[in-house]
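Start from the sequences and build out the full structure, keeping to the hints where you can.
The sequence shown begins at 1 in full-length UniProt numbering and counts up by one.
Hints listed in this document are in silico derivations from the structure and should not be mistaken for laboratory results.
Check before you lean on any hint, since a few could be wrong.
[Said to hold, decoys possible] Below, simulated DSS-like cross-link-like pairs (lysine-lysine); rule was C-alpha separation at most 25 Å, straight line:
1) Lys-156 - Lys-214
2) Lys-321 - Lys-198
3) Lys-258 - Lys-321
4) Lys-393 - Lys-198
5) Lys-258 - Lys-156
6) Lys-318 - Lys-348
7) Lys-214 - Lys-321
8) Lys-348 - Lys-380
9) Lys-344 - Lys-258
10) Lys-318 - Lys-156
11) Lys-348 - Lys-293
12) Lys-229 - Lys-212
13) Lys-258 - Lys-380
14) Lys-390 - Lys-380
15) Lys-156 - Lys-321
Computed from a predicted model, the values in this text were never measured in an experiment.
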Amino acid sequence: MPKTKSRPARPAPTERTSRRPRLHTAARNEPQSVVQAATPQARSSPVEQSAPQAPTTSVCTIPVTEPPVPTANLTLVPLDSNHTILPLPVGSTQFSLGYYVDPSTRDKIISVGQIQGTGSSSRPATPTHTNILPQRALEDEMNRLLMSSLASNTTKAYAVGLQAFDQFRLNQQLSILWPPPSNHILMFIAHLSIQGCKQTTARAYTSAIAFKCKVLGNGDPTKHFLVGKVLEGMERQNNNRDVRMPITLEILNQILHKLPVVCQDTYETSLFSAAFTLAYYALLRVGELALSKGNSPDRIIQVQHISIQHSIINLLIKYSKTDQLGKGTHLRINATDTQVCPVKIMNKYLQVRPNVTGPLFCHYSGQPLTRYQFSSVLAKALQVLGINSKYYKSHSFRIGAATMLAQQGLSEQAIQASGRWHSQAYRSYIR
Numbered sequence: 001m002p003k004t005k006s007r008p009a010r011p012a013p014t015e016r017t018s019r020r021p022r023l024h025t026a027a028r029n030e031p032q033s034v035v036q037a038a039t040p041q042a043r044s045s046p047v048e049q050s051a052p053q054a055p056t057t058s059v060c061t062i063p064v065t066e067p068p069v070p071t072a073n074l075t076l077v078p079l080d081s082n083h084t085i086l087p088l089p090v091g092s093t094q095f096s097l098g099y100y101v102d103p104s105t106r107d108k109i110i111s112v113g114q115i116q117g118t119g120s121s122s123r124p125a126t127p128t129h130t131n132i133l134p135q136r137a138l139e140d141e142m143n144r145l146l147m148s149s150l151a152s153n154t155t156k157a158y159a160v161g162l163q164a165f166d167q168f169r170l171n172q173q174l175s176i177l178w179p180p181p182s183n184h185i186l187m188f189i190a191h192l193s194i195q196g197c198k199q200t201t202a203r204a205y206t207s208a209i210a211f212k213c214k215v216l217g218n219g220d221p222t223k224h225f226l227v228g229k230v231l232e233g234m235e236r237q238n239n240n241r242d243v244r245m246p247i248t249l250e251i252l253n254q255i256l257h258k259l260p261v262v263c264q265d266t267y268e269t270s271l272f273s274a275a276f277t278l279a280y281y282a283l284l285r286v287g288e289l290a291l292s293k294g295n296s297p298d299r300i301i302q303v304q305h306i307s308i309q310h311s312i313i314n315l316l317i318k319y320s321k322t323d324q325l326g327k328g329t330h331l332r333i334n335a336t337d338t339q340v341c342p343v344k345i346m347n348k349y350l351q352v353r354p355n356v357t358g359p360l361f362c363h364y365s366g367q368p369l370t371r372y373q374f375s376s377v378l379a380k381a382l383q384v385l386g387i388n389s390k391y392y393k394s395h396s397f398r399i400g401a402a403t404m405l406a407q408q409g410l411s412e413q414a415i416q417a418s419g420r421w422h423s424q425a426y427r428s429y430i431r
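This is the structure:
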């Protein structure tokens with residue numbers, strides 16, 4: 001039998017230092033871009049290798065070197081929970097805000113945010129920030145800050161205007177589109193004119209439409225040439241002039257003499273005498289000295305905002321219709337030699353006023369004077385005098401003072417500054 005040539009025995013393998021190290025199982029499955037980005041790490045222990053690995057779907061679809069997606073150009077529009085753009089509900093006083101992100105962009109943001117740190121293990125790192133606020137909380141805060149930028153009365157007026165506009169479009173079978181086409185706005189103004197609304201009402205409602213369009217990030221359709229001309233024509237044709245009459249100094253004196261008959265005690269008489277007199281001489285809006293529904297007591301004149309020195313009243317009006325941020329306006333009211341001296345009447349009231357903080361004008365119980373009480377006592381005093389209260393409202397003090405200043409020969413700029421008007425509206429107050 002022929003002898004077979006035996007093969008030489010294979011030498012025992014020796015450890016080769018130049019051999020390419022084996023990659024961890026998870027690392028072999030990772031894309032090359034991620035593997036190359038990893039820094040050399042020590043080999044994992046057998047216990048660590050046997051641990052179940054977290055799924056890496058979509059984690060490695062974006063290279064590590066890709067820059068984060070910019071967010072400066074994200075559009076601010078109303079959303080629901082499914083990222084659907086929503087119109088403002090009819091009658092709603094809220095303006096819902098949310099961030100709309102394109103789905104592809106949103107996926108990129110999520111993917112980049114999920115890319116794990118470099119290392120030998122594919123297990124994602126535990127987030128270090130645990131105080132992340134939910135999006136709903138951020139949206140609610142944005143809404144709160146947005147509505148706080150408006151006066152409470154403006155918010156109510158805008159809500160009424162938007163409800164009237166949407167209701168008109170429903171009745172006319174027009175689509176509820178935002179921003180609305182200009183012809184929708186033109187027809188709405190025509191509707192208001194037919195209904196006998198004032199031109200000021202139409203302007204307030206169009207301002208509400210403009211505000212919502214700006215909140216939604218759209219242009220202002222009320223700036224259309226035809227919209228402006230239609231409003232101007234409504235103003236020229238509108239016969240609903242302001243019928244409020246001015247409370248003159250003589251009428252004010254008569255009202256103060258009838259207050260003891262109208263008020264229930266001497267303190268109430270002193271309270272309303274001081275409130276009516278200051279409203280006249282300081283050209284106050286009733287919302288600046290009396291508490292209106294929905295307003296905060298902190299936003300009307302406080303007791304610490306007034307002082308009397310050398311027969312001069314120093315008054316600070318912290319908040320007003322034209323000063324929602326509380327920058328404040330300082331007024332100086334001099335004493336007069338008439339029967340209605342503001343310094344004497346205010347001194348008399350402050351001597352009997354209870355020693356409590358808060359609004360300047362308050363009842364003996366400490367409760368603030370309200371707008372309703374101010375108007376009611378004024379109407380009762382006028383009725384006792386035999387004057388028709390239909391033509392005399394709380395704003396009649398402001399109208400009367402502006403008329404008196406004009407009769408004294410003050411310039412229009414001085415009258416405008418005295419009443420804190422920021423527009424030409426003061427001209428309509430001079431009778």
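Going through the hints against the structure:
no.: 1; hint: Lys-156 - Lys-214; result: holds, 18 Å
no.: 2; hint: Lys-321 - Lys-198; result: holds, 21 Å
no.: 3; hint: Lys-258 - Lys-321; result: violated, 31 Å
no.: 4; hint: Lys-393 - Lys-198; result: holds, 18 Å
no.: 5; hint: Lys-258 - Lys-156; result: violated, 35 Å
no.: 6; hint: Lys-318 - Lys-348; result: holds, 24 Å
no.: 7; hint: Lys-214 - Lys-321; result: holds, 22 Å
no.: 8; hint: Lys-348 - Lys-380; result: holds, 23 Å
no.: 9; hint: Lys-344 - Lys-258; result: holds, 18 Å
no.: 10; hint: Lys-318 - Lys-156; result: holds, 22 Å
no.: 11; hint: Lys-348 - Lys-293; result: violated, 29 Å
no.: 12; hint: Lys-229 - Lys-212; result: holds, 22 Å
no.: 13; hint: Lys-258 - Lys-380; result: holds, 9 Å
no.: 14; hint: Lys-390 - Lys-380; result: holds, 12 Å
no.: 15; hint: Lys-156 - Lys-321; result: holds, 14 Å
Going through the hint list in order, the structure does not satisfy hints 3, 5, 11.
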